[in-house]
Amino acid sequence: MAACVARRALAVGSRWWSRPLTAARGSRPLCAAGGAPAFPSATTTTAQRHLSSRNRAEGKVLETVGVFEVPKQNGKYETGQLFLHSIFGYRGVVLFPWQARLYDRDVASAASEKTENPAGHGSKEVKGKTHTYYQVLIDARDCPHISQRSQTEAVTFLANHDDSRALYAIPGLDYVSHEDILPYTSTDQVPIQHELFERFLLYDQTKAPPFVARETLRAWQEKNHPWLELSDVHRETTENIRVTVIPFYMGMREAQNSHVYWWRYCIRLENLDSDVVQLRERHWRIFSLSGTLETVRGRGVVGREPVLSKEQPAFQYSSHVSLQASSGHMWGTFRFERPDGSHFDVRIPPFSLESNKDEKTPPSGLHW
Numbered sequence: 032m033a034a035c036v037a038r039r040a041l042a043v044g045s046r047w048w049s050r051p052l053t054a055a056r057g058s059r060p061l062c063a064a065g066g067a068p069a070f071p072s073a074t075t076t077t078a079q080r081h082l083s084s085r086n087r088a089e090g091k092v093l094e095t096v097g098v099f100e101v102p103k104q105n106g107k108y109e110t111g112q113l114f115l116h117s118i119f120g121y122r123g124v125v126l127f128p129w130q131a132r133l134y135d136r137d138v139a140s141a142a143s144e145k146t147e148n149p150a151g152h153g154s155k156e157v158k159g160k161t162h163t164y165y166q167v168l169i170d171a172r173d174c175p176h177i178s179q180r181s182q183t184e185a186v187t188f189l190a191n192h193d194d195s196r197a198l199y200a201i202p203g204l205d206y207v208s209h210e211d212i213l214p215y216t217s218t219d220q221v222p223i224q225h226e227l228f229e230r231f232l233l234y235d236q237t238k239a240p241p242f243v244a245r246e247t248l249r250a251w252q253e254k255n256h257p258w259l260e261l262s263d264v265h266r267e268t269t270e271n272i273r274v275t276v277i278p279f280y281m282g283m284r285e286a287q288n289s290h291v292y293w294w295r296y297c298i299r300l301e302n303l304d305s306d307v308v309q310l311r312e313r314h315w316r317i318f319s320l321s322g323t324l325e326t327v328r329g330r331g332v333v334g335r336e337p338v339l340s341k342e343q344p345a346f347q348y349s350s351h352v353s354l355q356a357s358s359g360h361m362w363g364t365f366r367f368e369r370p371d372g373s374h375f376d377v378r379i380p381p382f383s384l385e386s387n388k389d390e391k392t393p394p395s396g397l398h399w
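32 is the number of the first residue of the sequence shown in my numbering; add one for each residue after it.
Everything labelled a hint here was simulated from the structure, so no lab data went into it. Hints should not be assumed to be uniformly reliable.
Claimed, not checked - Result set (DSS-like, lysine-lysine): computed pairs, CA atoms no more than 25 Å apart in a straight line:
{"id": "1", "residue 1": "Lys107", "residue 2": "Lys158"}
{"id": "2", "residue 1": "Lys254", "residue 2": "Lys341"}
{"id": "3", "residue 1": "Lys160", "residue 2": "Lys341"}
{"id": "4", "residue 1": "Lys103", "residue 2": "Lys160"}
{"id": "5", "residue 1": "Lys107", "residue 2": "Lys254"}
{"id": "6", "residue 1": "Lys103", "residue 2": "Lys238"}
Please put together the full structure from these sequences, using the hints given.
Written as structure tokens, this is what we have:
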């Protein structure tokens, strides 16, 4: 619902039409959009492998759109870097990086002692490590084919007016982990179709990559930093199902003479095994600094019960939570079903909901 409101609110005029993207190596096309791309190991990437676009209706036409580069094992990608998402298969462009703290419970030291968090949830003490994520734009042509996402609008924000319940979204703005990027080059001066591409980036053939940040991108990044910021990432694996959670603080609003704090959280589910499983239920516990503990149970997530298979191993969605306190915690489980009808629970790593104490102005969306 928020996504539909957003397109009207932001007056997005482009049609979200697409042709699926494939990568061709010789005469054998590899699926890239509308399914998990079956790419060879990044270390075997060569300049001869091309990114192509195939018209599904005709089923015969291949168009070269770029040439793969060797993925970076160290360092960061620069603003303007074109890429293919290794999981969701869409084309995109890097706007700027974020330095996040990754709390990976799978690699927590075995010597870590059990601790109790304020919500009374026993857990291992996990130390975070720095990890690079990127703010990116998604090519609008690929959005209808990203079937492993509940929505392609990954960034929502609060309205900058008195309606504390109004949520808006910027279509095609996403966060991508460093290892999910398959970089490529293109000779096209406008290789990504998105209404913000030419507002944020300028073509300069003397640069590498040849797309450099306009002043509008720098101003927008600085002005909207409080609600765009990605700071913490939480990850945990249970029975070969990995759950990754990224919480975002969205801001505070006043409602009925009280303060309401809002967060968005993005969750990715990944099946690391070859066995097919289906998500059936969710069970959340939400602890607020005010002392309340809420339990939420329900079927599936965002109205769907995704199947995770070898062909489509990942599913990602975003949701929102509000508290009448400036901080809190969330944790829980997802219940999955196997083909034989048996069930098992997958842990959702506990994560903090923290507000920006130095927040001075509310989010301003597309203002610059």
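Checked hints:
1. Lys107 with Lys158: Given that 25 Å is the threshold and the Cα spacing comes to 23 Å, the pair holds.
2. Lys254 with Lys341: Not satisfied, since the Cα-Cα distance of roughly 42 Å exceeds 25 Å.
3. Lys160 with Lys341: 29 Å, violated
4. Lys103 with Lys160: 19 Å, holds
5. Lys107 with Lys254: At roughly 23 Å apart (the allowed maximum being 25 Å), Lys254 and Lys107 satisfy the hint.
6. Lys103 with Lys238: 18 Å, holds
Violated hints for the displayed structure, listed by number in ascending order: 2 and 3.
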